[in-house]
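Chains as they are written, first to last, in the numbering used here: chain F, 1 to 500; chain P, 1 to 332; chain B, 1 to 333.
Everything hinted at is true.
Below, in silico cross-link-like pairs of lysine-lysine (BS3-like), each with a Cα-Cα straight-line distance of 30 Å or less:
#  : chain 1 : residue 1 : chain 2 : residue 2
1  : P       : Lys186    : F       : Lys139
2  : F       : Lys322    : F       : Lys332
3  : F       : Lys188    : F       : Lys4
4  : B       : Lys324    : P       : Lys210
5  : F       : Lys112    : P       : Lys210
6  : F       : Lys4      : F       : Lys130
7  : F       : Lys130    : P       : Lys329
8  : F       : Lys139    : F       : Lys191
9  : B       : Lys123    : F       : Lys321
10 : F       : Lys112    : P       : Lys189
Derived by calculation from the structure, the hints in this document are not laboratory data.
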Amino acid sequence: MAQKGDLLLQMTGVQKRFGGAIALRGTDLSIRAGEIHALLGENGAGKSTMLKILAGVHENDGGTITLGNKPFQVGSPQASIEQGIAVIYQEPSLFLDLSLAENVFIGRQPIKGVGIDWKAAQDEAGKLFKELGVSLDPKRQARGLSIADQQVVEIAKALSMNAQIILMDEPTAALSASEVERLMTVMKNLKAANKAVIFVSHRLDEVFAISDYITVMRDGATVSQNPVANTNLQTVIKEMVGRELTELFPKTTHKIGDVVLEVKDLSNPAFFRNVSFNVRSGEIVALAGLVGSGRSEIARAIFGVDKYETGSVKVKGKELKKGSPVAAMEEKIALVPEDRRQQGLFMIAGVNRNISMESFPNLVNRIFINFKKERALTATWKEKLSIKFADASASVDHLSGGNQQKTVLAKWLATNPDLLIVDEPTRGIDVGTKAEVHRLIDAAAEEGKAILMISSELPEVLGMADRIIVMREGHQVTELTRAQATQENIIAAATTGKVA
Amino acid sequence: MNFLSHLRPKGREASLGIILVLTMGVTGIINPRFLTGDGTRDLLSSTSIVALMAIGIAPVVIMRHIDLSISSTVGLSAWMVANLCAHHKNFSWWQCFVIAGLIGVAVGALNGILVAGLRLPALVVTLGTLYIVRGLVYVISNSVDYNAQEMPPSLLAIGHHVFLGLFPLTFILVLIMMLITAWFMKYRKPGRDCYAIGSNPPAADLVGIKVFRRTFLAYVFSGFMAGIAGVFYLIRFAQVDSTAFYGQELAVVAAVVIGGVTIAGGSGTTVGAVIGALLVQTIQGALAALGVDAFWKSAINGLLLIIAIWADRILARKSENALLAQRIKERA
Amino acid sequence: MSVTTPDSTTAKKPKFRFTWDTSILLLLLVVWVAATLTTDNFLSTTNVSQIFSNTSEITIMAFGMIFLIIVGEIDLSIASILALGSAMLGWSYERGTPIWLSIIICIVVGTLCGFINGILVTKVGLGSLAVTIGTLALYRGIANGLLGTKTVNEFPDYWTSFGFDTIGKSWIPQSLPLIIILGIGFGLLLHNTPFGRRSLAIGQSPEAAKFAGVNVIRHKIIVFTFTGFMSGIAGVIYTFRFSTAQADNGVGLELLVISACLLGGVSIFGGIGTMWGVIAGVLLAGSVESWLTLREINAQWRTIVTGILLLTSVAAPVLINKAKARRKVTKSL
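The following block holds chain F by itself, in its conformation from the complex:
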């Protein structure tokens, strides 16, 4: 059993590259028993890569990792578990039909005589839940459990396998305030049992409330490692955002026109409440905030993919029909969704068919699709957006992320929308293409389109937006003009709900 303060894990100069991209360029991290260790950094800082190396999903290219006094055997998730490292993901995948006790012991059910000893399994699981400070009935079915409780079951499972180090990847992103509190209790109890907890979070208030140690990462390297007493919110934010705001964002100023979109008191109680804002022609408005703060759900409600409960959406002064993407498209709204592979594209279809999907009214001669026009449409947008592909009918699955994203943009720009909603427009694409996408969005605003942009990347938000609405846990915290906004005050508002 580890004693409090024992060094459990030491990473020095760990490097990892994916093809040409460097994800980690010399990261250091030391973790001790009986410690809650927060890992902070903006999107793309390398936190996830680090966790995945420890989880056995990736192998590091350089640097050393030691566990206690033994070198860490990088290999498989199985190997990591055997070395006492357990990972709790944001969305655990339990067996919903089985009892909690069985979920904890699946594949390792205790045996007495010829059969499974259910009583022992239940008692043992109950004991683990009690140790974690949570009252869950081990006999109940996992179905209907909240995400937080599902995570607790995963943690109990990790403990039953003798995990010493528990990694949690943004465990609180999808949780409500009371659920977060519950999870924090669990973390404290793990700490009391001399386990080491590493957790990634963007919610800085809770980070300061619970962690003993804070490591900040930026651009694949460790910026600072401090006991929580030696640092403070302002310092941490500064360390996180030290990223340069380069000329990546060629924002130009354009003429701002009439109101195109007017959202009033919009509520979908499970996700967001009383949201009101408007977007004018030629204007770029950003919805900033953490993942899970209700931003994407607002976009979905406006576009009609989801329904909302109360409030109204008006487009150019006219009330928009609720829950109907068809009506939204008729009012010239376009939505470039956050997940291009699942929501934006038909992966087995070619660029051709993807681009024409929303433009049929312009391609149809009475009943039939005019294939010549369809090809011309593809050619036009291929040229305009310089999308690179060899065969317009070959599956878009073979394209790079950047070219896929441009294809999604193209298909919606082809509908000539008045309001363009872009949700995480540059997620997972390379730097060069990012700049191109920004240029395209800027050009669309220049043409007089109203743009609503959702983004988790602060430099992108600051670089592109005329106005910034900050969301936190489904509520609008504040609205900032381009002049007022800084990385610091956006992070502060998004993570603590306080307006600086």
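With chain F fixed as given, assemble chains P and B onto it according to the hints.
Same frame as chain F, now just chains P and B:
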């Protein structure tokens, strides 16, 4: 005993039991002949066949698969056994069971290889084998039928054993099979693996469950039980032709689903499957006793099946809504 | 990384690809050659006429089914719909309804059955596999309840001749022009209209289709409904072709229709399929059957052949893909 308390019907099984008793009671009041010793014996003995098959496919359905080939397997095993008996006069009852079991295992193994090995959609595969196996019966039988004279007396005698004047031996055998499988599914790891696989297939792979082996064996078991059901068919009807038990797979699927083994996988018990089979047969029998034409039988089977999956859907939706309400409350 | 070859191919016509639906055409050709060599009159006009006539219901139902499988659903109740429509036709005609009205009743009943399937699957949210097994039994059961073991077989000559006569002295069955028109119509619908594209899109990704402004639920209801409609038409043709309305009309035809679709390269997982492939698939099934008949192979073998065709049609694409993947791996080594 401890394990009996765990097997005690609860929830779904209990409410089905109540419906069962009500159906019997009401029908009995309207038509007293329905509840006589003869009527009950007949009901239980005809339920035996369906119930045995229901026990067989329960693990398959729990794993989120399906086996539609079973009634063809019953036909094949019944005809083959009768044929062998006709040609070997000294065949005894246990040899019939062994042969039938082997035939069933062979069909099950074919299904298992196609579904588990090639990962083909179970429904299409077992529809295909349904046809192939039935076609096989047509071809080898060449329109030859068999009846009581050609069957071993020791086999037919099984049908005459009745306990307490009400429970045919075949039904007792079904109950024993039910208890053994229920115990296995609850207390042995391979049984639990079935639930895990049906509940969350990718996660089952991740925790190292041998998905191929379990799926394959489930199909073999399903085929085996259908094979044995073929002998039960002979015991009950004492005659067989190439269309024996044709088209009855739906009655079995309906029984299992009504008994609480959800089509979506991951839940249900063999006890429920047997109660479901009893209920389906009772409703059929009750309608007959109430003077509803036998021609409506298939329509009733279909309707029962739709109602059963509809009920499951409503329950699932209820739990989704509860979760959403909880989320709304916490967001406030 | 990305495919960044500068391209000059946008205008180039897609080159011929050796895909499943082209290989099925080859297979069809092989069967024809083999059948012609091993029998005396496989390609005689009477026999060809027979093949077309025998496959007319399957073809018509396949035109609906291809859309259903493409949107990622399935309907196992089509043969029961055919039977129920046929039973209604006979039942109402026997009671003095004018024949044209009985025909309309048959088609309307079919359409309604399809609509009910659609509602159960989309609005109620039940899996199409399970629920159409239920309606398979339900619809046929109603036909059974309606007619029992009775058959109705006194129909006006004009209509029964539509079922099995040819046009004038030619070899062309009277129902063939109708099938050709429907085939062209549905082919265009699938490949040349937004409706067809949306069907493919739904099958490829229902989520993405929703984000592309497709009303997925309504679309699926429409597809279920017209599959029912087509089964109703097939019911009319079946009734007249055999000059019988009875409850067990067309038992098991759903399997032939599904195997024809899958043989024709429609993916059982949705999102992929061509009308050409399906027509080739139907002709292949019909030709094999005719070949067996001409070789005087026991009719009972046909059940086995149906099953084997079905298994082949699901297993072959999977096995081909596996082989392809293996070849790719060895190549890259």
